[in-house]
Amino acid sequence: MFRNSIRQKIVGIATGLIILAVITSVLSMVMAGRVGHLLEELTNRYIPAYGHLARVNIRSLERSLAMRRMMMAKMQGEEDAVYAGARKSFDEIEPLIKREADAARALIDAIIADPSTPSDNAALGRLDDRIDNAVNDLLVRLNAENKTLLEQIEAKDIAAARQTTLRADALRNEFSTRIDAIRTDMLEQVASAAATVKAAQHRAIIVSAVVTGIAAILGFVFAMLVGSGITGPVMRLLEGTRAVEAGKLDGSITITTQDEIGQLSAAFNRMIETLRNNQRIRETFGRYINPRIAEGLLEQPAIAATEGQRRIMTVLFCDMKGFTSLSEGVTPRGLVKIMNLYLSTMSEPIHAHRGIIDKYIGDAIMAYWGAPFVEETEQTHLAAVAAIDMIGRVAQLRRELPELLGVRTIPTDCDVRIGIATGEALVGSIGSEFMMSYTVLGDTVNLASRLEGANKFYGSRCLISETTAAACAETIALREIDRLVVVGQTQPQTVFEIIGKKEELTAAQGLLLQHYAEGLAAYRERRWDDAERAFSAALEAVPADGPSIAMKTRVAGFRENPPATDWDGARRLENK
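Residues 0 to 575 (numbering that gives the first Met the number 0) are what the sequence shown spells out, left to right.
Everything labelled a hint here was simulated from the structure, so no lab data went into it. Since the model is a prediction, treat every value here as computed from it, not as a measurement. You may find that some hints are simply not true.
[Stated by the list, open to error] Derived pair list, reagent style SDA-like, types lysine to any residue, alpha-carbon separation capped at 20 angstroms:
{"id": "1", "residue 1": "320", "residue 2": "392"}
{"id": "2", "residue 1": "197", "residue 2": "29"}
{"id": "3", "residue 1": "146", "residue 2": "161"}
[To be verified] Simulated restraints on C-beta separations:
{"id": "4", "residue 1": "213", "residue 2": "186", "range": "54 to 60 angstroms"}
{"id": "5", "residue 1": "15", "residue 2": "179", "range": "57 to 63 angstroms"}
{"id": "6", "residue 1": "331", "residue 2": "270", "range": "40 to 46 angstroms"}
Ideal placement from N, C-alpha and C gives every residue a C-beta, glycine not left out.
Hey, can you work out the whole structure from these sequences and the hints?
Put into structure tokens, the structure is as follows:
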């Protein structure tokens, strides 16, 4: 299980919000219950108590009216029934007054006795005492006056009854005044209780709003924190993915969480590291094997199939002239520097013209052109142009070698020898279960190698096969050098030398081609004098031309020792 997983975070937020909602609901219920309790006390105690006091005053007035009806009935001589009805009402009202007063006092005492509600207990206690005094004092005195008045009315002592009535009215007025004062004070208590209810209600609303706001803010903050904790790493992961898609493998993602996204980010970083390692392997692999072959082997496994294929290929061999003499005069470290510079200088044109470097053999370079890397129709032209560029870099190499070795001059005049052949070859992965090499094999490869070695006999730089010459003759200036029978073959091969690109051919090179062709024709016809004159003319056009010197020397030898009658004009190479 992941620590602090996204699921746990979401559940935690939901739990926190639920807890906040429960707290808000509980507070609202408590506050609502408090308001309800206060409202219940106001409705069931304060207001009914005030009502009882109001009815005490009303009952007192009703009793006074009943007394006056009794007096009027006696004074007017009305029937006894009228008097009896008024007397009955008078007698019934007195216990009602006491009952209403007792009910008011009971409610006030209940308010005072309830500690769960705020109330002015001192003021309520004074109201209770005042009600008790009014009922037990004034009402008793009023009842005494009323009793005297009833006796006077029964005796029809009207004059005395009037005096007693005046005293009774004064007592009743005093009673009513006290009750009114008590009612007024009770009304203030009712208003105070109502204000308390409103304050509690307002406080409940404010508390609910504040708690709800706090819950909303906390919920939003928690959601933002967790959301940023999720979206931030996801955005970094997305940016990292886009960077990898663009080929940028030098970065990594900062891991800020330990949840699933953190684990995914760690896996992404491991993937980038693996890709970087693979990239380094591919780059390193490409330094030992041509990058185009390496990419093909990695991206197209079919290329690595062990079954070879027969294809038309153009093979090039390049060797460094004077390497043995040069290597004898330098230290091993200096020799490594020379080799690296030489191989780098000569490999660049091959790469530039889409050739595949197959291997380095000491100071020799083997390269080839052909499917699936270049089209068959352009392979010979590319190989020829690469050879021209390689020869053109010899002057640069001669300048850089002394600087590389820290000397003024090198002990020998270095140069290159190149051989190119075109023909059918076996192409594929060749080797054993321990090591494989994607290479080319066959007579074409052997011929290119022999042509490279044949340059030493002619003093030339680049000899090519007849097939190669036929394929690139439209764009490359060539001259036929000789017919050779290389080691391992019985039939002579016509070989050509690459002079340069046709559009870059100089006048001297044009004369060289003309005179050399004349000398070669005379040589094959055994016209030794004409051949010698033609080769001499060629040397006048381009002094120190190696093939002209070699052929002139051969003609001079044949003049002294003519060849056999079955001589076919071809030279046989016994070794490379």
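Verification of the supplied hints:
1. 320 with 392: Distance of about 14 angstroms is within 20 angstroms: holds.
2. 197 with 29: With a Cα-Cα distance of about 15 angstroms, the restraint between residue 197 and residue 29 holds, given a limit of 20 angstroms.
3. 146 with 161: Given pair residue 146, residue 161 holds - Cα atoms ~14 angstroms apart, limit 20 angstroms.
4. 213 with 186: 54 to 60 angstroms: Since the Cβ atoms of residue 213 and residue 186 sit about 40 angstroms apart, the hinted range of 54 to 60 angstroms is violated.
5. 15 with 179: 57 to 63 angstroms: 59 angstroms Cβ-Cβ, so the 57 to 63 angstroms window holds.
6. 331 with 270: 40 to 46 angstroms: Given about 43 angstroms between the Cβ atoms, the range holds.
Comparing the model with each earlier hint shows a violation of hint 4 alone; every other hint is respected.
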